[in-house]
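Chains as they are written, first to last, in this note's numbering: chain A, 99 to 438; chain B, 5 to 234.
Just so you know, the hints here were simulated from the structure itself, not pulled from any lab data. Please note: incorrect hints may appear among the correct ones.
Chain B is faced by these chain A residues, among others (derived, beta-carbon under 10 Å) [unchecked claim]:
#: 1; residue: Asn150
#: 2; residue: Lys177
#: 3; residue: Gln180
#: 4; residue: Val182
#: 5; residue: Phe186
#: 6; residue: Gln187
#: 7; residue: Ser194
#: 8; residue: Glu206
#: 9; residue: Val210
#: 10; residue: Lys258
#: 11; residue: Leu261
#: 12; residue: Phe367
Beta carbons are placed, not taken as given, at the ideal position from N, Cα and C, and that holds for glycine.
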Amino acid sequence: MIDIRNVTKIFKTKSSDIQAVDDVSMNVTQGEIFGVIGYSGAGKSTLIRLLNGLELPSSGDVVIGEDVISKMSKPDLRKKRQKVSMIFQHFNLLWSRTVAENISFPLEIAGVPKKERQKRVQELVELVGLTGREDNYPSQLSGGQKQRVGIARALSNEPKVLLCDEATSALDPETTDEVLDLLVKIRDEMNLTIVLITHEMHVIRKICDRGAVMENGRIVETGPVLKLFQNPEHSVTKRFVKDDINDEETALSFDEVRELFPTSQILKFGFVGSQSKAPIVSQVVKKYDLDLNILSGNIKRTNNESYGHLYVAIDVDDDTLERLKTELSDHDVTVEVEDK
Amino acid sequence: MNEMIKELTTMFSFENVKWDAVWEATYETLYMTVVATAFTFIFGIILGIILFLASKSEVKASKPVYGVTAFLVNLFRAIPFIILIILLIPFTKVLMGTIMGPNGAIPALIIGSAPFYARLVEIGLKEIDKGVIEAAESMGAGTWTIIWKVLLPESMPALISGITVTAIMLVGSTAIAGVIGAGGLGNLAYMVGFTRNQSDVTLVATIVILIIVFIIQIAGDFFSKAVDKR
Numbered sequence: 099m100i101d102i103r104n105v106t107k108i109f110k111t112k113s114s115d116i117q118a119v120d121d122v123s124m125n126v127t128q129g130e131i132f133g134v135i136g137y138s139g140a141g142k143s144t145l146i147r148l149l150n151g152l153e154l155p156s157s158g159d160v161v162i163g164e165d166v167i168s169k170m171s172k173p174d175l176r177k178k179r180q181k182v183s184m185i186f187q188h189f190n191l192l193w194s195r196t197v198a199e200n201i202s203f204p205l206e207i208a209g210v211p212k213k214e215r216q217k218r219v220q221e222l223v224e225l226v227g228l229t230g231r232e233d234n235y236p237s238q239l240s241g242g243q244k245q246r247v248g249i250a251r252a253l254s255n256e257p258k259v260l261l262c263d264e265a266t267s268a269l270d271p272e273t274t275d276e277v278l279d280l281l282v283k284i285r286d287e288m289n290l291t292i293v294l295i296t297h298e299m300h301v302i303r304k305i306c307d308r309g310a311v312m313e314n315g316r317i318v319e320t321g322p323v324l325k326l327f328q329n330p331e332h333s334v335t336k337r338f339v340k341d342d343i344n345d346e347e348t349a350l351s352f353d354e355v356r357e358l359f360p361t362s363q364i365l366k367f368g369f370v371g372s373q374s375k376a377p378i379v380s381q382v383v384k385k386y387d388l389d390l391n392i393l394s395g396n397i398k399r400t401n402n403e404s405y406g407h408l409y410v411a412i413d414v415d416d417d418t419l420e421r422l423k424t425e426l427s428d429h430d431v432t433v434e435v436e437d438k
Numbered sequence: 005m006n007e008m009i010k011e012l013t014t015m016f017s018f019e020n021v022k023w024d025a026v027w028e029a030t031y032e033t034l035y036m037t038v039v040a041t042a043f044t045f046i047f048g049i050i051l052g053i054i055l056f057l058a059s060k061s062e063v064k065a066s067k068p069v070y071g072v073t074a075f076l077v078n079l080f081r082a083i084p085f086i087i088l089i090i091l092l093i094p095f096t097k098v099l100m101g102t103i104m105g106p107n108g109a110i111p112a113l114i115i116g117s118a119p120f121y122a123r124l125v126e127i128g129l130k131e132i133d134k135g136v137i138e139a140a141e142s143m144g145a146g147t148w149t150i151i152w153k154v155l156l157p158e159s160m161p162a163l164i165s166g167i168t169v170t171a172i173m174l175v176g177s178t179a180i181a182g183v184i185g186a187g188g189l190g191n192l193a194y195m196v197g198f199t200r201n202q203s204d205v206t207l208v209a210t211i212v213i214l215i216i217v218f219i220i221q222i223a224g225d226f227f228s229k230a231v232d233k234r
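With the hints as extra help, turn the sequences into a complete structure.
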């Protein structure tokens with residue numbers, strides 16, 4: 099659906115050239131929610147603006163569907179943008195228009211007759227759960243409601259692709275979850291392809307199918323979300339994952355744990371997917387008649403699978419440990435021995 | 005001392021005031037103000053939008069367009085109004101067929117105030133959230149749509165408060181134009197009040213002008229507030 103081929107974007111300024119996007123290639127399939135994560139200045143805002151032609155690449159091609167965005171004429175590009183819509187961090191609603199009028203705006207641009215506009219607006223208001231708020235002005239709405247208007251507005255011309263520019267970054271955690279749920283819902287109902295950029299790893303974890311990690315204009319790692327979380331390779335990815343899981347607290351308390359259990363090994367079990375719901379550890383522990391102390395544990399849900407880890411202190415000889423490892427890895431549970 | 009009391013007595017006696025002449029002059033002042041304000045509104049917005057769109061980092065960024073427009077705006081804003089009227093006499097003669105009376109003053113009034121209002125429009129447009137313009141572009145809006153549906157409505161409070169200030173300035177300018185034959189309350193105050201030494205007429209002209217200015221200000225504040233939904 100979306101194909102980015104060796105795209106580079108250089109901003110020329112008086113003093114120097116800034117390479118915002120550096121030889122990026124990626125593709126997004128139809129119906130997918132694809133997340134791009136990076137710290138500020140990583141180039142993700144520029145990248146997402148290349149997708150609807152708000153920025154044009156210095157080299158390389160951006161292809162959406164059949165169209166090469168970077169080579170379209172201006173009128174064609176404007177037409178295309180009706181099918182590749184966008185929502186924003188600060189919502190960017192027109193304060194001079196009511197909720198209904200804001201949602202109607204893209205339809206006016208597309209030249210839809212008034213009767214049809216009204217009908218469509220009413221459907222969208224219901225879809226995003228703002229019934230009764232049609233005649234309010236944006237200033238009378240909360241942040242979450244404003245973003246719902248933004249989403250309804252973006253959907254009014256029945257786009258194929260929805261671009262989300264830090265769409266939840268200005269919202270509180272609870273509202274963020276509501277908006278994310280809404281995005282999944284509209285993806286399912288309207289068969290949308292969604293590309294989102296964010297600096298919040300839990301956004302990627304909650305709704306994305308695949309993700310890419312950006313640093314200094316480059317994509318440093320890309321893959322299915324579960325893989326990114328379970329087995330991050332690049333240091334930036336590891337940092338994002340760590341921030342999301344909050345691993346540091348665990349690491350800090352290891353020293354105390356060692357004092358409490360001087361003879362024990364500290365093991366980290368890693369679970370993925372359906373395995374994380376089955377009582378495997380418990381079964382294995384019973385089988386080998388072991389005693390273990392649970393130090394900390396964690397399960398996180400991604401959009402379709404859960405993954406987690408468990409730290410335990412366990413008195414075990416090396417031989418049993420090896421057998422334990424084999425047995426558990428047969429059940430797709432990874433075992434890491436924490437260094438003493 | 006006696007001199008002053010005598011003067012004040014004349015001023016408040018209203019014995020020299022010909023009310024039909026006051027009405028006539030009021031009508032002329034209102035006519036000049038309304039017509040000039042209307043055209044200033046249109047030309048000022050056009051110029052202001054050109055200045056805004058052509059300025060750096062905007063939709064239609066263009067150094068030459070901005071340069072020429074900004075130069076003309078600055079030029080006509082720099083010329084004192086009384087000199088501008090005289091300079092424009094040949095132009096006015098061709099355009100209006102006369103250089104006397106209210107119609108003779110209107111071209112100079114518009115050319116004098118449109119550049120001023122254009123700058124106010126430009127300031128108002130710069131206040132618009134860049135994200136909203138970007139959002140409109142992301143929906144496929146062209147430049148005209150952005151002007152009509154984003155720039156003008158989103159800056160309307162500033163456009164209205166700007167035209168209020170400009171209209172009040174125009175009332176003052178009509179009075180200056182009155183002195184050199186444009187009619188109106190300025191003409192009345194000067195030709196009758198000053199040259200015939202009838203200060204009660206001057207006072208009446210002043211009061212009527214003040215009333216006009218107050219009404220413009222109150223109406224401007226009201227409308228500016230009414231369209232502001234922020």
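Inset, instruction - Find the hints from earlier in the document that the structure breaks and name them by number, from lowest to highest. - result: 9, 10 and 12
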